[in-house]
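**Q** Chains as they are written, first to last, in the working numbering: chain C, 1 to 233; chain D, 1 to 206.
Please keep in mind that the hints were generated in silico from the structure rather than gathered at the bench.
A couple of the hints might just be wrong.
Said to hold, decoys possible - Under the rule of at most 20 Å between Cα atoms (straight-line distance), these lysine to any residue pairs were calculated in the SDA-like manner: (1) D/74 / D/64; (2) D/74 / D/60; (3) D/27 / C/95; (4) D/123 / D/47; (5) D/27 / C/111; (6) D/27 / C/91; (7) D/74 / C/132; (8) D/53 / C/123; (9) D/53 / D/67; (10) D/53 / C/120; (11) D/27 / C/102; (12) D/123 / C/53; (13) D/27 / C/39; (14) D/74 / C/122; (15) D/53 / C/121; (16) D/123 / C/55; (17) D/27 / C/97; (18) D/27 / C/110; (19) D/53 / D/180; (20) D/123 / C/58; (21) D/74 / C/124; (22) D/123 / C/11; (23) D/123 / D/107; (24) D/53 / D/78; (25) D/53 / C/118; (26) D/53 / D/179; (27) D/74 / C/137; (28) D/123 / C/24; (29) D/74 / C/119; (30) D/53 / C/122; (31) D/123 / C/4.
None of the values given here were measured: they were computed from a predicted structure.
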Amino acid sequence: MGGRREHYAPIAREADEPVFHERWEARTFGISGFVLVLLRGNTERFRFAMEQLPREVYMSGYYQRWLGGLERLLVEAGYLGRGELDARLLDGAAAQGARTRSPARLALVSRLMRSYLRPRLPRWVCAHVLPRVTGTLRPVFWRPRFHLGDRVRVRSGPERAFTRKPGYVRGRPGVVSAHHRAALFADARGEGRRARPQHLYTVAFDGRELWGEHAEPETEVRVDLFESHLEPA
Amino acid sequence: MSHAPVSERHEDPAVRVEALEALLVEKGLVDPSVVDEVIEHYETNVGPLNGAKVIARAWVDPAYRARLLHDATKAIAELGFGGPEGHMVIAVENSPSVHNVVVCTLCSCYPWSVLGLPPAWYKSPAYRSRMVAEPRAVLREMGLDLPQVLRVRVWDSSAEARYLVLPERPAGTEGMDERELATLVTRDAMIGVARALGPATAGTHA
Chain C
1 MGGRREHYAP IAREADEPVF HERWEARTFG ISGFVLVLLR GNTERFRFAM EQLPREVYMS
61 GYYQRWLGGL ERLLVEAGYL GRGELDARLL DGAAAQGART RSPARLALVS RLMRSYLRPR
121 LPRWVCAHVL PRVTGTLRPV FWRPRFHLGD RVRVRSGPER AFTRKPGYVR GRPGVVSAHH
181 RAALFADARG EGRRARPQHL YTVAFDGREL WGEHAEPETE VRVDLFESHL EPA
Chain D
1 MSHAPVSERH EDPAVRVEAL EALLVEKGLV DPSVVDEVIE HYETNVGPLN GAKVIARAWV
61 DPAYRARLLH DATKAIAELG FGGPEGHMVI AVENSPSVHN VVVCTLCSCY PWSVLGLPPA
121 WYKSPAYRSR MVAEPRAVLR EMGLDLPQVL RVRVWDSSAE ARYLVLPERP AGTEGMDERE
181 LATLVTRDAM IGVARALGPA TAGTHA
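Kindly produce the complete structure, drawing on both the sequences and the hints.
**A** This is the structure in structure tokens:
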């Protein structure tokens, strides 16, 4: 949504905002977390499922979007039939999702999730175990193509259906300000494609390179981008 | 494939999620008691108080501050915080010449392990669209008017890293200990849309 004027509006802040405004939001959050672990789904697929929702569903709210994305993921993966939920709500008939998971797996995931639901965790778990389980950094033997201080340009060729490259940096020049080693390629993961990990960088863009004469003075935007998003400038 | 005669959708999300949960429980895809615990965890255990402890520690302990800026995930782990959306945290430091602020234009990425779940305004299309293009105007609207000479650096969390702003320690806090300092560190200061509170606002230290 970066720089898209159709979304511009005043920022509405709420004093003493609760974590969840309504119970259904909390249920949506909790169920999504559980199902994503159970199905070994990845966050990128979840994001892609949300992005493919009809615009009015996507724009209707944050947890509305989670709920829609979750339903979509479950249907795509075959656990839920298309229209199965609506059939249940409206006393209709629909094909049921045939796929299931074993009770043993359900129990395992329950135990796994409970194990991290505590105020503090052992240091080595936070520093070494969880980043490996939930993180996407992967060791690779090939070298990074770009280095700190390199001038790069964001590729502007045809886009795939899902990308983590923000639209407002397409074709823009910037400078590599960090190299984060290599990570699983988010764009491929969202679409369920297999792809090798890619070196991941932070690129600094001067405001004027992004917004031209409309840019505010002395501003820059730093964006995390995968190697295939970039070319030498 | 589908032979559903149902063409309508029941739109009320509260009704939909209740029915979805019931369906998933029947199918053996959800354990509702774990869902209860996940919700409780994010309502009670995880929140900006975690981040405030991290920042206060960095203000009083220069060696910790250096570790935080070098590898925030590991430095945060020292205090026992981690978990989802906390697997690659990067701390960015405010200074007299640079002000940092965080956004996610593609969805609403946020360092849950130290800040909890994001507030509604952070997830709003208005914040997501405007912060990268007119950060000074947005910050001014949110009560932070920055001098023109200060460089504004906006971090768009578009991939793996989740960013935590290390605000400047407020003046006049030399006599305060780590626990007192933590009360000055607000969620908004760690996102970068505010400064840390001054000592006068910290209750007993008026």
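**Q** Indicate, hint by hint, whether the structure satisfies it.
**A** Cross-check of the supplied hints:
1. Distance check on the hinted pair: residue 74 of chain D and residue 64 of chain D sit about 11 Å apart at the alpha-carbon level, within 20 Å; holds.
2. Note on residue 74 of chain D and residue 60 of chain D: the hinted pairing holds, with a Cα-Cα distance of about 18 Å set against a maximum of 20 Å.
3. A C-alpha spacing of about 14 Å is found between residue 27 of chain D and residue 95 of chain C, which places the hinted pair at or below 20 Å, so the restraint holds.
4. For a cut-off of 20 Å, the pair hint linking residue 123 of chain D to residue 47 of chain D stands: about 16 Å separates their Cα positions.
5. With a C-alpha separation of about 19 Å, the suggested pair residue 27 of chain D and residue 111 of chain C falls inside the 20 Å cut-off, and the hint holds.
6. Using a Cα cut-off of 20 Å, the hinted pair residue 27 of chain D and residue 91 of chain C holds, with the two alpha carbons roughly 19 Å apart.
7. Straight-line distance between C-alpha atoms of residue 74 of chain D and residue 132 of chain C comes to about 13 Å, which keeps the hinted pair within the 20 Å bound.
8. Restraint check: the Cα-Cα separation between residue 53 of chain D and residue 123 of chain C comes to about 15 Å, which is no more than 20 Å; the hinted pair holds.
9. For the suggested pair residue 53 of chain D and residue 67 of chain D, the alpha carbons sit about 15 Å apart, so the restraint of at most 20 Å is met.
10. At most 20 Å may separate the alpha-carbon atoms for a hinted pair to count; residue 53 of chain D and residue 120 of chain C meet this at roughly 13 Å.
11. With a C-alpha separation of about 10 Å, the suggested pair residue 27 of chain D and residue 102 of chain C falls inside the 20 Å cut-off, and the hint holds.
12. The straight-line distance between the Cα atoms of residue 123 of chain D and residue 53 of chain C is roughly 17 Å, inside the 20 Å bound, and the hint therefore holds.
13. For the given pair, residue 27 of chain D sits about 13 Å from residue 39 of chain C by alpha-carbon distance, which is consistent with the 20 Å threshold.
14. Distance check on the hinted pair: residue 74 of chain D and residue 122 of chain C sit about 12 Å apart at the alpha-carbon level, within 20 Å; holds.
15. At most 20 Å may separate the alpha-carbon atoms for a hinted pair to count; residue 53 of chain D and residue 121 of chain C meet this at roughly 15 Å.
16. About 16 Å separates the Cα atoms of residue 123 of chain D and residue 55 of chain C, which keeps this hinted pair within 20 Å; it holds.
17. Taking the CA atoms of residue 27 of chain D and residue 97 of chain C, the gap is about 9 Å. The hint holds against a cut of 20 Å.
18. This hinted pair checks out: residue 27 of chain D and residue 110 of chain C have alpha carbons roughly 15 Å apart, not beyond 20 Å.
19. Only pairs whose Cα atoms come within 20 Å are accepted, and residue 53 of chain D paired with residue 180 of chain D is accepted, the gap being roughly 10 Å.
20. Distance restraint check for residue 123 of chain D and residue 58 of chain C: the Cα-Cα separation of roughly 12 Å lies within the 20 Å cut-off, and the hinted pair is therefore satisfied.
21. For a cut-off of 20 Å, the pair hint linking residue 74 of chain D to residue 124 of chain C stands: about 9 Å separates their Cα positions.
22. Between residue 123 of chain D and residue 11 of chain C, the direct Cα distance comes to roughly 10 Å. Compliance with the 20 Å bound is thereby established for this hinted pair.
23. For a cut-off of 20 Å, the pair hint linking residue 123 of chain D to residue 107 of chain D stands: about 8 Å separates their Cα positions.
24. Distance restraint check for residue 53 of chain D and residue 78 of chain D: the Cα-Cα separation of roughly 11 Å lies within the 20 Å cut-off, and the hinted pair is therefore satisfied.
25. Straight-line distance between C-alpha atoms of residue 53 of chain D and residue 118 of chain C comes to about 17 Å, which keeps the hinted pair within the 20 Å bound.
26. In summary, the hint linking residue 53 of chain D to residue 179 of chain D is supported, as the alpha carbons are separated by about 8 Å, within the 20 Å threshold.
27. Of the pairs offered as hints, the one joining residue 74 of chain D and residue 137 of chain C holds, with about 15 Å between alpha carbons and a cut-off of 20 Å not exceeded.
28. A hinted pair counts as satisfied when its Cα atoms are at most 20 Å apart, and residue 123 of chain D with residue 24 of chain C qualifies at roughly 18 Å.
29. With a C-alpha separation of about 17 Å, the suggested pair residue 74 of chain D and residue 119 of chain C falls inside the 20 Å cut-off, and the hint holds.
30. Between residue 53 of chain D and residue 122 of chain C, the direct Cα distance comes to roughly 17 Å. Compliance with the 20 Å bound is thereby established for this hinted pair.
31. Taking the CA atoms of residue 123 of chain D and residue 4 of chain C, the gap is near 15 Å; set against the 20 Å cutoff, the hint holds.
Of the numbered hints stated above, none is contradicted by the structure.
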